Amino acid sequence: MILIADSGSTKTDWVLTDGRNQSWFQTKGINPFFQSADEIVGMLQQEVDSSHRVQIDAIHFYGAGCIKGQTDSLVHDALVRFWGNCQVEINDDMLGAARALFGAEAGIACILGTGANSAYYDGQHITDKVPTLGFILGDEGSGAYLGKNFLNCYFKREFPSQLEADIAKDLKLFWPDVLQSVYKQ
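Every number in this note's numbering is 2 more than the matching position in the sequence shown, counting from 1.
If you are wondering where the hints come from, they were derived from the structure by calculation, not from laboratory data. Only a predicted model underlies this, so the values are computations on that prediction, with no experimental measurement involved. By construction, the Cβ of each residue, glycine as well, lies at the ideal position given by its N, Cα and C atoms. Worth double-checking, as some hints may not be accurate.
As the list claims (entries may be wrong) - No more than 27 Å apart at the CA atoms, straight line, and that leaves these computed lysine-lysine pairs for DSS-like: (1) K186 <-> K158; (2) K158 <-> K131; (3) K13 <-> K30; (4) K174 <-> K186; (5) K150 <-> K186.
Claimed, not checked - Label pairs and their in silico Cβ distance ranges: (6) E166 <-> D124: 17 to 27 Å; (7) P178 <-> D59: 49 to 59 Å; (8) F152 <-> V132: 38 to 48 Å; (9) F176 <-> V132: 14 to 24 Å; (10) Q28 <-> L148: 16 to 26 Å.
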């Protein structure tokens with residue numbers, strides 16, 4: 003049984019496969035910058051259904067915040083504690099994206115959203131990577147980033163007049179209400 007995970011800080015998508023059959027499930031996100039091994043194990047105990055608590059031969063975990071030799075051991079330890087002693091491979095989300103996109107071929111993979119980055123993949127390894135700056139400094143393409151830019155353009159009247167009119171009609175955005183929601187709620 004092989005377990006593969008694609009994890010960000012918000013959610014983790016899991017697939018459990020025996021080579022013929024697949025079972026998909028989702029849990030909260032796992033990021034070793036924000037969670038301890040105990041917190042990860044506790045979350046898994048609460049969220050992983052008993053049907054997915056089977057004997058695992060190998061886990062391939064691709065996650066945000068997983069840095070070789072620094073934070074990867076924390077995730078490794080949590081997964082072994084939860085699923086038992088098995089082969090565990092921990093890599094960052096960029097390698098997961100590259101493998102999913104290109105398999106054994108070379109290419110440039112990109113992640114947009116919280117922790118946006120890009121990398122050159124040689125078909126086996128990431129050989130050159132733009133560093134992610136995390137959710138505060140490097141969130142190009144995230145919902146917060148796109149929403150902030152949208153509201154900024156709308157209230158500064160940077161949209162074409164017809165688009166601005168359509169937005170006003172459909173969304174009914176009022177500057178005081180938006181500021182109240184963003185800064186007080």
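Q) Taking the beta carbons of F152 and V132, is their distance inside 38 to 48 Å? A) Given range 38 to 48 Å: violated, Cβ gap about 25 Å.
Q | Agreement of K158 and K131 with the hint, judged by alpha carbon distance not exceeding 27 Å | A | violated, 35 Å
(Q) Need the status of pair K186, K158: alpha-carbon distance at most 27 Å? (A) holds, 21 Å
Q. Within 49 to 59 Å or not, the Cβ separation of P178 and D59?
A. Because 58 Å falls inside the window, the suggested range holds.
Q | Pair hint outcome, K174 versus K186 [Cα-Cα no greater than 27 Å] | A | Holds, at about 19 Å.
Q) When you take the CB atoms of E166 and D124, is the distance between them in 17 to 27 Å? A) violated, 47 Å
Q.
Range first: 14 to 24 Å. Now tell me if the beta carbons of F176 and V132 are that far apart.
A. violated, 39 Å
Q: Would you mind confirming whether the straight-line C-alpha gap from K150 to K186 stays at or under 27 Å?
A: holds, 16 Å
Q) Given the hinted pair K13 and K30, is their alpha-carbon gap at most 27 Å? A) holds, 4 Å
Q: Note whether the CB distance of Q28 and L148 lies within 16 to 26 Å or breaks it.
A: For Q28 and L148 the Cβ distance comes to about 23 Å; the hint holds.
Going through the hint list in order, the structure does not satisfy hints 2, 6, 8, 9.
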